[in-house]
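Sequences and hints are given; from them, build the entire structure.
There are 4 protein chains.
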Amino acid sequence: MAQKIAILGASGYTGAELIRLISTHPEMEVAALAADRKAGMTMAEVFPHLRHLDLPDLVRIEEIDFGQIDLCFCALPHVASQKVIPSLPEGVRIVDLSADFRLRDPAEYEKFYGTPHLAVEMQKSAVYGLTEFYRGEIAKARLVAGTGCNAATGLFSLLPLVKGGLIDTGDIILDMKCAVSGAGRSAKEHLLHSELSEGYFPYAVGGKHRHLGEFDQELSLAAGHPVAIQFTPTLMPANRGILSASYVKGDAAAIHAAMAAAYAEEPFIEVLPMGQVPSTRHVRGSNFVHIGVVAERGAGRATVFAALDNLTKGSSGQALQNANLMLGLPETMGLMMAPVFP
Amino acid sequence: MAQKIAILGASGYTGAELIRLISTHPEMEVAALAADRKAGMTMAEVFPHLRHLDLPDLVRIEEIDFGQIDLCFCALPHVASQKVIPSLPEGVRIVDLSADFRLRDPAEYEKFYGTPHLAVEMQKSAVYGLTEFYRGEIAKARLVAGTGCNAATGLFSLLPLVKGGLIDTGDIILDMKCAVSGAGRSAKEHLLHSELSEGYFPYAVGGKHRHLGEFDQELSLAAGHPVAIQFTPTLMPANRGILSASYVKGDAAAIHAAMAAAYAEEPFIEVLPMGQVPSTRHVRGSNFVHIGVVAERGAGRATVFAALDNLTKGSSGQALQNANLMLGLPETMGLMMAPVFP
Amino acid sequence: MAQKIAILGASGYTGAELIRLISTHPEMEVAALAADRKAGMTMAEVFPHLRHLDLPDLVRIEEIDFGQIDLCFCALPHVASQKVIPSLPEGVRIVDLSADFRLRDPAEYEKFYGTPHLAVEMQKSAVYGLTEFYRGEIAKARLVAGTGCNAATGLFSLLPLVKGGLIDTGDIILDMKCAVSGAGRSAKEHLLHSELSEGYFPYAVGGKHRHLGEFDQELSLAAGHPVAIQFTPTLMPANRGILSASYVKGDAAAIHAAMAAAYAEEPFIEVLPMGQVPSTRHVRGSNFVHIGVVAERGAGRATVFAALDNLTKGSSGQALQNANLMLGLPETMGLMMAPVFP
Amino acid sequence: MAQKIAILGASGYTGAELIRLISTHPEMEVAALAADRKAGMTMAEVFPHLRHLDLPDLVRIEEIDFGQIDLCFCALPHVASQKVIPSLPEGVRIVDLSADFRLRDPAEYEKFYGTPHLAVEMQKSAVYGLTEFYRGEIAKARLVAGTGCNAATGLFSLLPLVKGGLIDTGDIILDMKCAVSGAGRSAKEHLLHSELSEGYFPYAVGGKHRHLGEFDQELSLAAGHPVAIQFTPTLMPANRGILSASYVKGDAAAIHAAMAAAYAEEPFIEVLPMGQVPSTRHVRGSNFVHIGVVAERGAGRATVFAALDNLTKGSSGQALQNANLMLGLPETMGLMMAPVFP
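Chains as they are written, first to last, in our numbering: chain A, 75 to 416; chain B, 75 to 416; chain C, 75 to 416; chain D, 75 to 416.
No lab work stands behind these hints, which were simulated from the structure alone.
Mixed in with the good hints there might be a few duds.
Heads up, incomplete: computed chain A residues facing chain C, CB under 8 Å, no partners named [what the hints assert, rightly or not]:
id, residue
1, R259
2, E263
3, L265
4, H267
5, A369
One-sided excerpt, in silico: chain D residues whose CB lies under 8 Å from chain B [claimed, not checked]:
id, residue
6, K185
7, F186
8, T189
9, H191
10, V254
11, S255
12, A261
13, E263
14, L265
15, L266
16, P311
All values derive from a computational prediction rather than experimental measurement.
Where a beta carbon is used, it is the ideal one built from N, C-alpha and C, also for glycine.
Rendered as structure tokens:
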């Protein structure tokens with residue numbers, strides 16, 4: 075019998091992406107959809123591209139009977155997530171797509187999000203949702219914290235290298251090209267088509283980007299000592315896709331070998347032949363990650379490129395992958411669709 | 075046991091789209107891929123977005139053992155298609171995506187394509203592939219001729235109205251906004267990003283567009299007398315999506331009722347509530363068609379809008395839908411994926 | 075000595091476009107800039123692309139000393155314009171870019187804008203700003219009402235034909251592809267890059283678009299009897315450019331000859347050779363209009379295509395052209411820059 | 075009397091951009107246009123956006139009477155340029171937009187362009203066209219070699235720092251986002267709209283990009299010792315604009331002060347306030363460069379961002395700026411147009 079799924083924050087892009095993916099998932103059924111501001115509306119009104127589906131109307135969270143829910147995806151903004159999740163019944167497994175449960179240290183949370191953490195106890199039980207590196211804990215977890223989309227892209231590029239001691243952890247520079255859907259659906263002047271299309275600019279520069287908290291946490295853990303990378307995101311005139319360039323100091327051949335070995339058995343991670351580079355167009359709309367390694371002309375320098383779709387593998391696809399594990403379903407179920415190109 | 079599929083012309087966009095769709099089809103297996111110019115290459119080289127799939131390398135058509143093939147998708151250019159298809163063994167069912175077998179009258183073919191038809195006999199056995207209107211014949215056919223993507227969009231908007239005698243067949247104007255992937259993958263100056271992006275212009279104006287042959291054929295058949303519409307396509311700075319506006323003379327309410335009735339049971343065609351309009355963004359990457367009907371301020375005038383993805387429902391998705399019927403599989407198998415938005 | 079210019083509503087796109095054009099105008103100087111919500115900010119903060127210019131900071135309208143102003147461009151929203159303009163001192167010439175003074179009949183204004191006209195007396199003295207057709211009155215006017223960008227595009231295509239009695243005025247259909255900057259800079263969900271890019275959809279359908287008031291007024295005047303066209307705009311995934319297709323009943327050769335004659339001496343209007351079609355990419359960022367005429371396959375049917383940049387010739391460029399006339403300057407001064415392609 | 079200008083290679087994007095700029099230049103007149111493949115065509119046929127201009131038709135180079143030419147812009151591909159330029163009469167000043175005369179050392183040329191230099195003698199007299207740093211020599215030169223667009227962007231970011239000894243020249247990483255018009259107008263599959271739009275990928279990675287020759291030459295000269303930077307370009311789904319991020323080791327405050335000082339008097343270079351970042355949208359279609367400096371969280375680390383329009387300041391605008399100097403005209407003549415936004 076299909077697992078009953080609830081989605082909180084269903085009127086945003088990650089909510090819509092979850093529904094897109096679940097709509098062809100053989101073992102899941104969307105049982106409840108919540109979106110406070112748009113409660114009472116049908117999904118066809120909020121997202122006409124989903125009008126062919128037989129979906130429940132949007133309700134307010136408190137209207138949901140969680141007694142019948144097996145797993146709840148929480149796609150609310152940060153802070154909102156912290157307030158809702160502690161109130162959910164014990165029997166409901168939770169995949170949170172917000173930033174609220176990603177950082178183990180409440181002080182780090184406050185540092186990057188500017189507000190004290192409201193569910194410190196619950197934080198302790200949360201598992202960081204980078205599936206390929208926390209598969210075991212995720213399968214046993216009640217609460218999984220989905221990673222930041224940029225963090226996932228960078229961590230796929232760096233974790234095997236840091237764990238393997240293959241690069242200088244004191245000199246890592248990440249340059250990331252990020253599609254605009256990562257900024258969500260809220261109407262802001264700088265996200266208008268007229269402001270963005272055909273142009274590009276860096277944002278959250280100077281170490282201010284919140285995903286740095288995740289980088290610091292995961293890379294320091296992997297290295298066994300504090301690691302603080304340098305990270306610059308650039309907003310792209312595109313809707314889906316993150317392309318990451320990790321500038322590292324290490325041997326390119328050894329780095330490529332380590333990446334190939336680390337991901338050899340991974341269903342969603344493709345390590346390209348040495349010297350080849352990925353494109354966001356080649357992972358779009360899919361759960362796949364393409365990784366390329368290039369030797370720079372400077373001795374002992376290499377660049378690791380990674381591309382994924384921020385709404386799929388970077389967010390809702392990763393969330394579904396984790397949900398599959400939590401529910402004892404095959405990890406890839408409902409996630410093997412090929413990228414949409416062109 | 076999965077049906078064995080061959081795709082000829084696999085290095086083009088419709089070929090890639092067929093592989094994308096078949097890659098999650100439970101009853102089909104890609105057994106052979108041909109692309110003369112790129113024979114010898116792997117699909118990962120030609121289409122990196124498909125690199126995760128275990129696909130046969132590209133070969134030349136004559137290298138394929140058609141004895142083991144159940145159905146062959148022919149995604150070659152017109153004329154090339156006519157030369158290859160007659161040579162395929164009797165046992166192989168064929169879905170042709172080119173224009174070669176769409177027109178019943180060889181004279182019409184020569185008029186629009188500027189070259190005599192080379193397989194007049196075979197033409198007689200071909201069924202026009204507009205699934206929703208030729209379902210029965212398609213299920214029994216050996217050769218199905220996929221429709222033009224623009225023709226499909228317009229015919230979905232007009233056929234129920236012409237059959238129902240609801241509009242003035244002497245005064246039909248179609249204005250169609252067409253994405254550039256419909257022009258294929260060949261490198262031409264006017265298809266460069268620098269030439270196309272952020273701009274738009276009409277093309278094949280003055281009744282020169284080849285799909286007019288299909289409109290004339292199907293609408294005249296439906297009306298029982300010759301019908302010649304007026305058609306203007308405009309090239310869009312976008313990759314997927316056709317938006318059609320059909321300006322007709324008839325009663326909007328009756329038109330909407332007829333559309334709703336005609337497509338009530340259709341799994342892929344969504345008729346929007348009266349007065350609502352479709353967007354190409356809401357069908358992108360899917361096999362769905364969204365249709366809207368609007369009453370104009372002039373008495374007895376209405377506009378029918380239709381949107382579909384030219385590579386999916388307009389071409390490869392339609393082809394797979396027809397192949398399902400020809401192979402006795404459920405018509406919607408492998409085609410229920412939701413549109414990709416944003 | 076340079077003419078002193080004030081711009082009200084300088085924080086919007088038409089305001090920025092006016093400044094772009096005036097920045098290289100030899101006989102004008104920006105003396106005052108107003109934008110109530112952003113009063114106190116510098117233009118470099120509001121529009122970084124203008125940071126190289128030495129411009130006055132944004133102030134509130136009441137802070138402007140109009141005694142030193144020769145001409146005021148009013149780029150406020152409709153209704154706001156009506157409230158401000160009557161209060162400007164007699165000596166100040168005014169070019170209004172809003173819809174407030176375009177319609178001679180206050181009842182028509184109320185019908186399309188849903189609110190009674192607040193400056194009926196002043197309306198009587200306003201001249202409709204379609205330069206090529208009202209040049210004489212504009213040169214003498216104190217208040218010129220800039221046209222709607224869509225109205226301008228359509229009127230350039232139709233006025234010579236209606237005046238010449240060359241087409242059936244009872245059967246005119248306009249299909250217009252409109253760039254998103256025409257919707258202004260306000261942050262609305264449906265104008266986000268994620269919602270718009272790579273897609274297209276009709277809007278203000280069924281005779282609801284406000285520019286119909288201008289079409290009705292000007293075409294009826296030209297025809298000498300009531301003319302009500304059918305008009306459907308489609309929103310484009312592009313920032314600048316309107317492409318209009320006017321579907322008319324008349325002789326294509328006669329229509330082309332009439333257009334060529336009507337615009338033979340016009341500095342900004344280019345009538346293409348018979349059968350050729352315009353592209354928005356070829357007028358972008360300029361004050362030029364490209365017009366093409368095509369004969370349809372149906373006898374006595376033709377299509378007139380027109381392309382212009384909605385922010386330049388459709389709005390701010392037209393406004394500057396009119397201001398030149400009002401100030402006794404050469405009409406083309408500061409407006410001869412070539413389109414930006416690619 | 076206006077200076078007579080010839081443009082060789084007028085059918086490409088840099089040729090068209092030169093004509094766009096010269097069309098409003100008060101002291102220059104286009105006297106001859108050459109484009110071998112398109113000889114005999116009018117510019118209106120090759121570039122419809124220039125159809126309003128009264129321009130000479132395209133001819134073959136040998137048809138030009140150089141006796142009446144004051145200055146010749148050579149916008150031919152590299153190698154072609156070397157063959158033509160030596161044959162031009164002594165009296166003609168030349169601005170070459172190709173790569174042929176940028177590198178002082180023929181061995182470096184052969185290394186990066188894979189073919190021996192054919193005009194070694196002439197190379198000696200060529201001046202590198204980075205106006206802001208070679209102003210004096212350019213004014214006296216007969217042959218000026220326009221810089222690579224990426225090289226210009228990076229050198230504006232780095233030269234003042236290297237000259238000032240403010241950064242570690244052994245550890246400079248450039249990540250550059252490059253618009254596609256830089257790849258020219260030739261029809262190649264990977265430049266199609268369908269292949270590029272909405273996606274991004276690195277190219278010429280691993281120290282293979284040809285502009286590295288210019289970086290090495292100019293930065294080593296400035297440093298007084300060999301400097302070899304690390305450079306990764308990424309192709310953007312946009313037509314105009316280069317955004318460069320230079321990751322350097324040095325004191326951000328000192329770097330910002332040095333940049334502000336170096337460019338204080340420059341008419342086209344805007345150094346933003348400390349911590350602010352540029353966007354390509356804010357320089358588009360103009361000759362301006364916007365530069366921003368950001369302090370990274372790692373001590374002694376900073377990032378310098380620069381944005382310019384590759385076709386204007388990166389190529390044709392720079393060429394015109396140099397031509398003005400060579401002809402004794404004001405350096406900024408015909409180049410002060412504001413960026414086109416949105």
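Consistency of the hints with the structure:
Among the interface hints, the one on R259 of chain A holds; its C-beta lies about 7 Å from the nearest C-beta in chain C, closer than the 8 Å criterion. The interface hint given for E263 of chain A is met, as the beta carbon of that residue sits about 5 Å from the closest beta carbon of chain C, less than 8 Å. Evaluation of the L265 of chain A hint against chain C yields a held restraint, the C-beta minimum of about 5 Å falling below 8 Å. Hint on H267 of chain A holds. Least Cβ distance to chain C is approximately 4 Å, under the 8 Å limit.
For A369 of chain A, the shortest C-beta to C-beta distance to chain C is roughly 34 Å, which exceeds 8 Å, and the interface hint is violated. Look at K185 of chain D: its Cβ only gets to about 29 Å from chain B, farther than 8 Å, so that hint breaks. Because the smallest distance between the Cβ of F186 of chain D and any Cβ of chain B comes to about 25 Å, over 8 Å, the interface hint for this residue is violated. Taken as an interface hint, T189 of chain D does not check out: its beta carbon lies about 24 Å from the nearest beta carbon of chain B, beyond 8 Å.
Look at H191 of chain D: its Cβ only gets to about 30 Å from chain B, farther than 8 Å, so that hint breaks. The restraint placing V254 of chain D at the interface with chain B holds, with a minimum CB-CB distance near 5 Å, inside the 8 Å limit. Hint status for S255 of chain D relative to chain B: holds, with the closest Cβ pair at about 5 Å, below 8 Å. Annotation: A261 of chain D was flagged as interfacial toward chain B, and the flag holds, the nearest CB pair being 4 Å apart, inside 8 Å.
For the restraint placing E263 of chain D at the interface with chain B, the shortest Cβ-Cβ distance is roughly 5 Å, inside the 8 Å limit, so the hint holds. A distance limit of 8 Å between C-beta atoms decides the matter here; for L265 of chain D the minimum to chain B is near 5 Å, and the interface restraint holds. A least Cβ separation of about 5 Å between L266 of chain D and chain B falls short of the 8 Å threshold, and the interface hint therefore holds. Interface restraint check for P311 of chain D: the shortest CB-CB distance to chain B comes to about 7 Å, inside 8 Å, so the restraint holds.
The structure shown violates the earlier hints numbered 5, 6, 7, 8 and 9.
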